[in-house]
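> Protein chains in written order, with the numbering used here: chain Y, 411 to 712; chain C, 35 to 269; chain P, 46 to 375.
A portion of the hints provided could be inaccurate.
Claimed, not checked - Stretch-level coverage of chain P by chain Y, calculated; a stretch enters the list once three of its residues show a Cβ under 8 Å from a Cβ in chain Y: (1) 177-183; (2) 202-208; (3) 292-302.
Simulated from the structure, these hints should not be mistaken for laboratory data.
From a predicted model like this one, the values you see are computed outputs, not experimental measurements.
All C-beta atoms in this analysis are idealised placements derived from N, C-alpha and C, irrespective of residue type, glycine included.
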Amino acid sequence: MTLAFFLTIDWQTLVDALALGGIYALMAVGIGLVFGVLRLVNFAYGQLVMAGAFALALGSQWNWPTWLSIVLCFVVVLVLSALLDRIVFRPLRGQSPAVMLVTTFAIAFLLQSIALIWFGPLGKIASSLAPLNQPWSIGGVDIRKISIVAIVVTIVCLALLQLLLTRTTVGLQMRAASLDFQTARLLGVRANRVIAGAVLVSGALAAVVAVILTVQNPLVTPDFALQDTIVVLAGVVLGGLNRPIPATLGGFSIGFATGLLGGALPTAQSQYLPTFIFVAVILVLLVRPDGLFVRRAATERL
Amino acid sequence: MSVLTLDALEVRYRAVQAVRGLSLEVHPGEIVGLIGPNGAGKSSTLHAIMGAAPIVGGDVRLDDRSLVGLSPENVARSGVALVPEGRRIFAELTVAENLTLGLAGRRSRTGASDAIDRVHELFPVVHEFRGRSAGALSGGQQQQLAIARALVAEPDVLLLDEPSLGLAPRVVDVVFEALAAIRDRGIAVLLVEQRAQRTIALADRSHVLAGGELRLTLGPEDADDTDRLVQAYLA
Amino acid sequence: MNRAAVLAGPCLLIVATALVGSGVSRATGVYFITALVSVSIVVALYVFIGNSGVLSFGHISFVAIGVWTAGVLSVPSGEKPAIMPNLAEPLRHTTVGNVPSLALAALAGGLAAALVGLPLMRLSGLAAGIATFAVLEIVHNLLRYYEKIGPGLNTFSSVPETTGIWQAAIGALLAIVAAYLYARSRFGRQLRATREDPPAAAAAGVSIYMQRLLAFALSGAIAGFAGGLYVHLLPLNTEAVYLDLTLITLAMLVIGGATSLWGAVVGALAVSALDSFLAEAENGVKILGVTIDLPAGTRVIVVGALMALVLIVRPTGLTNGREFGWRWHR
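Bound conformation, chain Y alone:
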């Protein structure tokens, strides 16, 4: 079985799996950053991606130049993120993480339905970046441009993020706040500023993901990215909810594994993939609640 398994992985599948891993890694960071400072698992994160995707669809419908559509995408996602923070996250501060999870679950459905009313169930097409879905011929093998672009963009974003977190004051304050918010405040770190920073970066990442995903799936429907969010959440929990690097690794791993197994295994076996993933999530929560990739013992209870 093993030999046959490796024989069925072609370059396209491998690169696609890496790309999916990258996309999920970005989403994992977005979710992890906000969790770090707010202890809030944003179930509605996928809806931010959806909103960005719809912005791109509108832009292409209005025949805007590609760069302008992307700007609109960022504006929409960032505004929506800020609104969510003000109206939902801020009043919920101090509630238990479980309550926050359920609330963001309701918000996710709410946003999905708003999109349903606005755009209808059939969705819209975002076609501005369609050329990127064409393949490049590298060494006689066809690989879609968007997969390479996704990998490169992921690496750039993660590098920029690492710079932000380690070289800037705001980044340092965000890291401190996710370790011990109360003490950070007692030192003079402004709570609202740190949270706004995390929400902003998280939103920017959602916008990037929206751009990449609409190239691969140009049809934007109201439930765009909902299932992806659920899988990414699983990955973040597996990797380690509390820390940014393990969360990223978790997101990447689950994206890569999903892409690889989904592409390489015949359907009969790959359809039970969610079961395996979520059984793994339960095992991790029972045995190593801080995640598989977290080394240190210094932890907080979920």
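Position chains C and P relative to chain Y; hints supplied.
Just chains C and P now, kept in the frame of chain Y:
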């Protein structure tokens, strides 16, 4: 430099009254001790000053400015720094990063590197281990880091919550010597401690708190008068 | 505290609803029956979430198991191959009547919950929420693709429609009585103690794990039972017992008040009423001469927004966590 004044302070958590009618003053260049048994309300007092505990009556003033109702970060930015109980350093960040975080409470935009140099003088170990992860330091070194972190903000008032907790006597010497040096710099120091005798000996004035109330005030000359102390604790 | 009132209140409400529901047209009656089935589901949620204070995000998986159990066993043998061609041998030839199917659904739900609860009841807070959500995903995935035990992607279309207004009402009453007896029992009180003051309860010798497991299993049984009622009412598939049902039943519990039986019942009926009205409005309805025609999806927006609002502003819900009959004595 500013005077910290507590005026009939009342702190209550839901149904539990932690501090009743506490009044005291801390002037620049003096150490005021706050001692007493467990649960006496000492930590609650410090948290209340920092805006992290519910104040239901009385006032906390820095000179003539009331601090009541300010968020913790705003109290810090007014020139009051806390060295929390248990040190609460960020174990996963480096010593230098911990120190940098303390700069958030500074009131002036310039002079940050001078402030850092000054704490390096006071606590050489902080300079020596600046690139190391803070979690790798010993208890005593972490305590020094915690105090240094509070000092880089160049506060007018320094609050310390049981700095000698869990430290060997020799290390406590180092910490208390540093506190004396801090006093000499003109900072007003409010020191909450379990080690009553050492505190009474070091501080200009020591208040005994029990059941949330001020029971007794002692001076350094009373350091050996254990009877009075026991009486105050048990009253 | 007037103990009789705590039970009487919800029961009277159920009977009243059933009486009204039996007098309306068939089309409107469906809303009433669905509302009563919802009561059973939400009461199941209350038994665990309300008493333990722990979130079970995936409880609908037990409803789904009840749906599958009652559905597979109730479809007449002749009809089985049509929707369930790959059914396992013993199931292919077994058909049971209405009441046995409901009993078996309850049993299946309870057993599944007990099994799932064995490892999971050690968890609290966010970890419990995520783990139970994982259970929902697993059950959804398995039921969808494992065709030996059910219709997989197909809809349960030939199940005898035995859940009329009175079956739903009796079902709701049974659920309420079970929940009431549990809440009043030593076990219920001990579990609530672990919610209110965990260290004190542990010091008093209460096993948090055992009490949670008991409540989880019982609530799984009630949920399975409700699933049985549900499949005898409407043709269902895996999507009907997945995220949308999770949202609306949690909303019912939250809006009504998660910590009381009265809250669960009031929430289920009130939100059902609202949801039904909005469903009609989505199809175009005339009220007092004014035509209201809301776009499809409004229901979810209103219910979702209400739920979020309640959690943000008044987390204890409409009933403030109080039981019926407390008003006069507190």
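> Each hint: holds or not?
Going through the hints against the structure:
1. 177-183: Our answer is that it holds, as 4 residues pass the Cβ test (under 8 Å) against chain Y, meeting three.
2. 202-208: violated (count 0)
3. 292-302: It holds: at least three residues are needed, and the region 292-302 of chain P offers 4 whose Cβ sits within less than 8 Å of chain Y.
Going down the numbered hints, you'll see the structure goes against just number 2.
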